[in-house]
Amino acid sequence: RGFLGRMLFRGNEQDKKTEALSGGERARVLFAKLMMDGANVMILDEPTNHLDLESITALNDALKEFQGSLIFVSHDIDFISSLANRVLEIDAQGKHRFMDIAEFEP
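Each residue of the sequence shown is one higher than the one before, starting from 203 at the first, in the numbering used here.
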């Protein structure tokens, strides 16, 4: 229940059947499960898609406390800037650049 609460499920919302959840709610349940499982690496593909601003903030806060490594693909500059310490940027031509977050200019 604690992990669900961190992902903004309150009261009776924690008892909903998964079939009744929206896409964003299902994503939040998945993130809660991943954090609860004690993984030491999370690989996320566009984790902020289908989430509202409040859910993105909750996810961001939870991931900041995650003790393992995060590898993620995102176009959300604020999300990248708040969590990443290194960035691998790949442009449309396939050119890539590996840099510290301080060097990253969106």
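These aren't lab readings, by the way, just hints derived from the structure by calculation.
Note that CB positions come from ideal geometry on N, CA and C, so glycine has one too.
Some clues are possibly wrong.
Pairwise CB distance ranges, derived in the manner of DEER restraints [to be verified]: (1) F306 <-> G225: 38 to 48 angstroms; (2) A304 <-> K219: 43 to 53 angstroms; (3) H298 <-> N214: 27 to 37 angstroms; (4) A241 <-> E221: 37 to 47 angstroms; (5) A241 <-> K219: 37 to 47 angstroms; (6) P308 <-> K219: 37 to 47 angstroms; (7) E215 <-> H277: 27 to 37 angstroms.
Straight-line C-alpha distance at most 25 angstroms; calculated DSS-like pairs for lysine-lysine [stated by the list, open to error]: (8) K219 <-> K235; (9) K218 <-> K235; (10) K266 <-> K297.
Consistency of the hints with the structure:
{"no.": "1", "hint": "F306 <-> G225: 38 to 48 angstroms", "verdict": "violated (29 angstroms)"}
{"no.": "2", "hint": "A304 <-> K219: 43 to 53 angstroms", "verdict": "holds (46 angstroms)"}
{"no.": "3", "hint": "H298 <-> N214: 27 to 37 angstroms", "verdict": "violated (47 angstroms)"}
{"no.": "4", "hint": "A241 <-> E221: 37 to 47 angstroms", "verdict": "violated (26 angstroms)"}
{"no.": "5", "hint": "A241 <-> K219: 37 to 47 angstroms", "verdict": "violated (25 angstroms)"}
{"no.": "6", "hint": "P308 <-> K219: 37 to 47 angstroms", "verdict": "holds (40 angstroms)"}
{"no.": "7", "hint": "E215 <-> H277: 27 to 37 angstroms", "verdict": "holds (29 angstroms)"}
{"no.": "8", "hint": "K219 <-> K235", "verdict": "holds (15 angstroms)"}
{"no.": "9", "hint": "K218 <-> K235", "verdict": "holds (15 angstroms)"}
{"no.": "10", "hint": "K266 <-> K297", "verdict": "violated (29 angstroms)"}
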